[in-house]
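Peer 1: Be aware that the sequence shown starts at -2, since it is given in the working numbering, and climbs by one per residue.
Keep in mind that the hints are not guaranteed to be accurate.
Unchecked claim - Straight-line distance between alpha carbons at most 20 Å, and here's what the computed SDA-like set of lysine to any residue pairs gives: (1) Lys207 to Phe131; (2) Lys207 to Tyr139; (3) Lys27 to Leu50.
Unchecked claim - Pairwise CB distance ranges, derived in the manner of DEER restraints: (4) Ile31 to Arg198: 19 to 29 Å; (5) Asn(-1) to Ser53: 42 to 52 Å; (6) Tyr191 to Pro79: 36 to 46 Å; (7) Glu1 to Arg198: 47 to 57 Å; (8) Glu195 to Gly51: 20 to 30 Å; (9) Gly30 to Phe163: 43 to 53 Å; (10) Gln171 to Asn(-1): 47 to 57 Å; (11) Cys2 to Phe163: 24 to 34 Å; (12) Phe99 to Phe8: 18 to 28 Å; (13) Ile31 to Leu0: 26 to 36 Å.
Calculated from the structure, these hints are not laboratory results. Glycine is no exception: its CB is placed at the ideal position from the N, C-alpha and C atoms.
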Amino acid sequence: MNLECYYQFFFTLLLAYFLGSFPTGYIIAKLKGIDITKIGSGNIGMANVFRTLGPSYGIIVLLIDTLKGFLPTFIAIKMNFPALFVLVVGITAIMGHIFTIFLRFKGGKGVATSLGVILAISPILALSCFIVWFLTVIITRYSSLGSILAALSATIITFLYQFNIFNLNLLNIQLENKLHLTIFCTSIFIFILYLHRENIRRIIKGTENKIF
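Whole structure, please, built from the sequences with the hints as guidance.
Peer 2: Listed below in structure tokens is the structure:
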């Protein structure tokens, strides 16, 4: 990559962070006269909006937060950045959501934005994660547990992909080393697991908020 490409990469990182930082749930709740950070779990993500404002608003937050991860990652892919650069752009969008500059670096838990990043990289992987999340929520009604298991499934699937046990067709980046994708998904899983530590404690105690 020449110097111009590095400049493009830098500005794509900025775009990824600021798109990721857009506090969708907070803004939608504010339009309804509600401070979502002071209701329910206090989180600005889809689940708390779903419980507080209703399913339609929760779905809107889910779609926009997913787009926040998808769009900058998709742009990075279309600009033919190396795979590692694309993954860094994706991580930056997720960090923007978790540490949004618009809410004093206190944001969501990065689940929907992570889904958007993975969707841009591998639609099949994203669909697999969404199915795990959806089935878990339907069975347990715990969105937090669904998020954790979905992130774990991405790590397991990409690990199996290294050994050609799971075929990720339609992979949109050219990986020099399949391990990079596993490390990427493992990093997301670790972040999501850490950010859901209180949810895990409540699930164990039986006091976790259910999405319905």
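Peer 1: Each hint: holds or not?
Peer 2: Right, here's what the structure says about each hint:
no., hint, result
1, Lys207 to Phe131, "holds, 14 Å"
2, Lys207 to Tyr139, "holds, 5 Å"
3, Lys27 to Leu50, "holds, 11 Å"
4, Ile31 to Arg198: 19 to 29 Å, "holds, 26 Å"
5, Asn(-1) to Ser53: 42 to 52 Å, "holds, 47 Å"
6, Tyr191 to Pro79: 36 to 46 Å, "violated, 28 Å"
7, Glu1 to Arg198: 47 to 57 Å, "holds, 49 Å"
8, Glu195 to Gly51: 20 to 30 Å, "holds, 24 Å"
9, Gly30 to Phe163: 43 to 53 Å, "holds, 47 Å"
10, Gln171 to Asn(-1): 47 to 57 Å, "violated, 19 Å"
11, Cys2 to Phe163: 24 to 34 Å, "holds, 32 Å"
12, Phe99 to Phe8: 18 to 28 Å, "holds, 20 Å"
13, Ile31 to Leu0: 26 to 36 Å, "violated, 48 Å"
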